[in-house]
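S.K.: Based on these hints, arrange chain B on the given structure of chain A.
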Amino acid sequence: MEYLIHLGILVAIYAILGISLNLVVGYAGLLSITQAAFYGIGAYSTAILMTNYGVNFFVSILVGMVATAIVSLLVGFVLSRFREDYYALGSFGFNIIIYSIFLNWQSLTRGPLGIPGIDRPEVFGFSFSENIWFLVLVVAAGALIYYLTEYISKSAFGRVLKAIREDEQAIQIFGYKTIYYKLAIFVISAVIAGIAGAFFASYITFIDPSTFTLNESIFVLSIIILGGLANIRGSILGALFLILLPEILRFVGFPSDIAAQMRQVVYGVLLIVLMLYRPQGLLGEYKL
Amino acid sequence: MKKTVWTVIAVIVIILIAVLAQKPSKEAATGPVRLGGAFMITGPAAPVGELQQKGASLAVETINNAGGINGRPIEIVIEDAGYDPKTAVSAYQALKIKGLKLFIMDGSSVVSATHQLVVDDGNFTIAGGATAPSYFDNSIQSCRIALTAKDFAPGMAEILRKHDYKNVAVFLADNEYGRGLASEFVKAFNGKDESIVVTEFYSGSAGSSDFRTNILKIKAQQDKIDAIVFSNILTNAEGMLRQMKELGVNKPIVSDNPTFENPSIKDFSLLEGTEVVDYEYTRAIQPTDSAKVKGFKEAYRAKYGIDPQYFGAGTYDSIMLVAEAVGKVGEDPKAVAKYISSLKNYEGVTGTYTFDNDCEVDRTLITRGIKNGVKVDIK
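If you read the sequences in order, they're chains A and B.
Going by this note's numbering, the first sequence opens with residue 1, and the numbers climb by one from there.
Going by this note's numbering, the second sequence opens with residue 289, and the numbers climb by one from there.
Just chain A, with the same shape it has in the complex:
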């Protein structure tokens, strides 16, 4: 049961991350490959505040949200001037910069040594140290984020984002300053990714820069492409699929000396097959 709870927590964290990226890529059509950077900022903010200053998780998550908002505002301001491939390349570069900061600002992040011993959340004397309670907490946060993002996607603001995605110049003719919309959704997305990072740090209790590389951004992008762009439920489905599938393959019964390699092969083949038959993703409404 504990293993299932563990997987449930990972799915919930990655679903939050997927939802956050879907806002930018799916709804606004901006190919951002930098989600791991904001995920990392949220994780490091929480880890540093909790381990160095004894700050409560819920306070540190708020500080992390503010930190990701500030950083994403600055980055988003620059990125908002780019389009299409240039946007992707710019975001790609930002992920590398943030990763380098995690690695090299050792007085703050401890660099490659990582930060161990991050506590679980506590509120009014109640600790979420049991995994089941941590799952309840992260699912509750995920549900809140789900409804918030569903609301955003169906609001007038969400409709403008979709219009930007379809034809940015056309909507500019109607007087919309698209740069502000792009910036706003980028910041909202980053803040949500930061929340996922805070949960990740507190759950795994150890973080180091290797978790927040470009590979992680590509993994989150895979979640939303597989689940379906511009569909919030698609992000949850993508996380469910990409987190659970390799775990199920642990129990297939491959010979132990080749099991890990076989898992990767089967995992890769299944993804290729899926993309061949559902290129728009499982629940996708939009194709890159």
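Result set (SDA-like, lysine to any residue): computed pairs, CA atoms no more than 25 Å apart in a straight line:
1) B:K374 <-> A:S100
2) B:K622 <-> A:S129
3) B:K505 <-> A:S107
4) B:K554 <-> B:A334
5) B:K582 <-> B:I666
6) B:K539 <-> B:D452
7) B:K374 <-> A:A141
The hints are simulated quantities; they were obtained by calculation from the structure and are not laboratory data.
M.R.: Relative to chain A, chain B alone:
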């Protein structure tokens, strides 16, 4: 389509629940003794994981051929922990639901993420090669037989002093081990007139292959330095040494066991003249080897066609330690931890171990060197 998708997902979840709902198998006292192995089979440290698997497999075979543990066979269930905290926790949880309580886990990222879980669950784990400082946790349920940067750095400083090298360059990986070694070396090499002229950290990422920028920065200071403190446990080590040679870096190198045992270094002439702080263990059979060590090296060579490198041998020792403990005190993880942490002068194949109150090992380090492309002991 949406219905189909949700149906597929429902099936996946049901399969998962069905698999996981099975109670952890509790073997009778006559069934096999089962250990869990979380190794780095994929990811940037996969070559090390492969050696660990080989060492584990040989240990299991050796024990079973000798009649098992008190007549019971031993079995190791292996899961891939990648070199990633998230995968490591998943691997540990997967092993746990298979009913395992005694673990062999390795790799700094892996043990940093899992050792507290193991301790909190009342289980036991031992690491053969992890060097993470976070593993110093005051718990005997998480043991380690590898030494860390804290031990290697003073040895490297001693070699430098022996040669009267006062000014050095430090060239290490920008990873957990390299940074730790650099910080410990600063503490160890702080005598009168001793100075670190230049420190360069190269990328610790698996794909990095061009280190000329770092090397040229060291070369620019070559006239001011007497030696280079160098370590590389990654797959790019031989390429890096070639680049140093090509660019004319010709100062003596002082290094450590992880570099010396790096599976990717095939051409030892690139390390000619290097002196290394090393474990007593060597992969080739030595005239001084005990019957136990010689038997291990011969069996490894017969099974895999290569000499056993330290990482595989360390995993072999880890399993042998756990097997001995189970034979003496049974499978209760706390009893196993108590037994192993109280061992003094245990003869493993990679050296002689004495454990402290944190179940960290105390073992001998020696100096070795490369002369005419061959590893030799240095008195």
